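Novice: Each protein sequence line maps, in turn, to chains A and B. With this note's numbering, the residue at position 42 of the first sequence is 42, and numbering never jumps. With this note's numbering, the residue at position 49 of the second sequence is 49, and numbering never jumps.
Since the hints were derived computationally from the structure, they do not count as laboratory data. What you are looking at is a predicted structure, and each value in this text was computed from that prediction instead of being measured. There's no promise every hint is true.
[Claimed, not checked] 25 Å max Cα-Cα, derived BS3-like pairs, lysine-lysine:
| no. | chain 1 | residue 1 | chain 2 | residue 2 |
| --- | --- | --- | --- | --- |
| 1 | A | K57 | A | K11 |
| 2 | B | K98 | B | K56 |
| 3 | B | K98 | A | K57 |
| 4 | A | K70 | A | K53 |
| 5 | A | K57 | A | K70 |
| 6 | B | K98 | B | K68 |
| 7 | B | K52 | B | K68 |
| 8 | A | K70 | B | K52 |
| 9 | A | K53 | B | K68 |
[As the list claims (entries may be wrong)] Ranges of calculated distance between the beta carbons of each label pair, as one might list FRET restraints:
| no. | chain 1 | residue 1 | chain 2 | residue 2 | range |
| --- | --- | --- | --- | --- | --- |
| 10 | A | E79 | B | P10 | 32 to 40 Å |
| 11 | A | N28 | B | T71 | 20 to 28 Å |
| 12 | B | T20 | A | T77 | 35 to 43 Å |
| 13 | B | K60 | A | N98 | 14 to 22 Å |
| 14 | B | K60 | A | L111 | 36 to 44 Å |
Built from N, CA and C at the ideal position, the CB exists for glycine as well.
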Amino acid sequence: DAGITQSPRHKVTETGTPVTLRCHQTENHRYMYWYRQDPGHGLRLIHYSYGVKDTDKGEVSDGYSVSRSKTEDFLLTLESATSSQTSVYFCATRDGANVLTFGAGSRLTVL
Amino acid sequence: GNSVTQMEGPVTLSEEAFLTINCTYTATGYPSLFWYVQYPGEGLQLLLKATKADDKGSNKGFEATYRKETTSFHLEKGSVQVSDSAVYFCALSDNDYKLSFGAGTTVTVRA
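Hey, can you work out the whole structure from these sequences and the hints?
Specialist: Written out as structure tokens, the structure reads:
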């Protein structure tokens, strides 16, 4: 178990407000990822990081930004939340065998 | 680009029935292939993987064989249990450190 903690686990917010989701890992893995999960779409990659201050966009990055100031923390920010960003968000880390380990998820509802 | 297509669900089975979930992929290189499982209310966890053609991954009675000629990685289990009720995701990873996921297949096993 890579020891991944996501916070908050549940959040309800209003359209136009900023939201930050936090992912914390204890395994010192270099690669970290943010995915969103929606019915019929599986998991779609939002952003990923390959080291401190090194990040890149995934397939659904519009409206999201990320930051990684320490190896253990990877933050996902919605600058101005929209209803289309209502989803379950998963953080993951990748080990040396190319296996992803996921956090328990953060359920975000944007009203 | 890379993509994964898996059979749509939901799939409902009786205990001890045989389970097959089809997965086919498109990739430009020689990807590694994975099956992940998501139990209710949890994040995804690795079920099995295969890293090269003809490899067979196996775990918890599940098996999948990497078939390069048919670009497939079908998941099978000979006798399912109620505890196998979950969402199953096929995924691939090419040499770009990102995983592409299928849409997921919901499996429900009835006692």
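Novice: If a hint holds in the structure, say so; if it doesn't, say that too.
Specialist: Consistency of the hints with the structure:
no.: 1; hint: K57(A) x K11(A); in the structure: holds, 24 Å
no.: 2; hint: K98(B) x K56(B); in the structure: holds, 22 Å
no.: 3; hint: K98(B) x K57(A); in the structure: holds, 11 Å
no.: 4; hint: K70(A) x K53(A); in the structure: holds, 8 Å
no.: 5; hint: K57(A) x K70(A); in the structure: holds, 19 Å
no.: 6; hint: K98(B) x K68(B); in the structure: holds, 20 Å
no.: 7; hint: K52(B) x K68(B); in the structure: holds, 8 Å
no.: 8; hint: K70(A) x K52(B); in the structure: violated, 34 Å
no.: 9; hint: K53(A) x K68(B); in the structure: violated, 37 Å
no.: 10; hint: E79(A) x P10(B): 32 to 40 Å; in the structure: holds, 36 Å
no.: 11; hint: N28(A) x T71(B): 20 to 28 Å; in the structure: violated, 35 Å
no.: 12; hint: T20(B) x T77(A): 35 to 43 Å; in the structure: holds, 41 Å
no.: 13; hint: K60(B) x N98(A): 14 to 22 Å; in the structure: holds, 20 Å
no.: 14; hint: K60(B) x L111(A): 36 to 44 Å; in the structure: holds, 40 Å
Of the hints listed earlier, those the structure fails to meet are numbers 8, 9, 11, in rising order.
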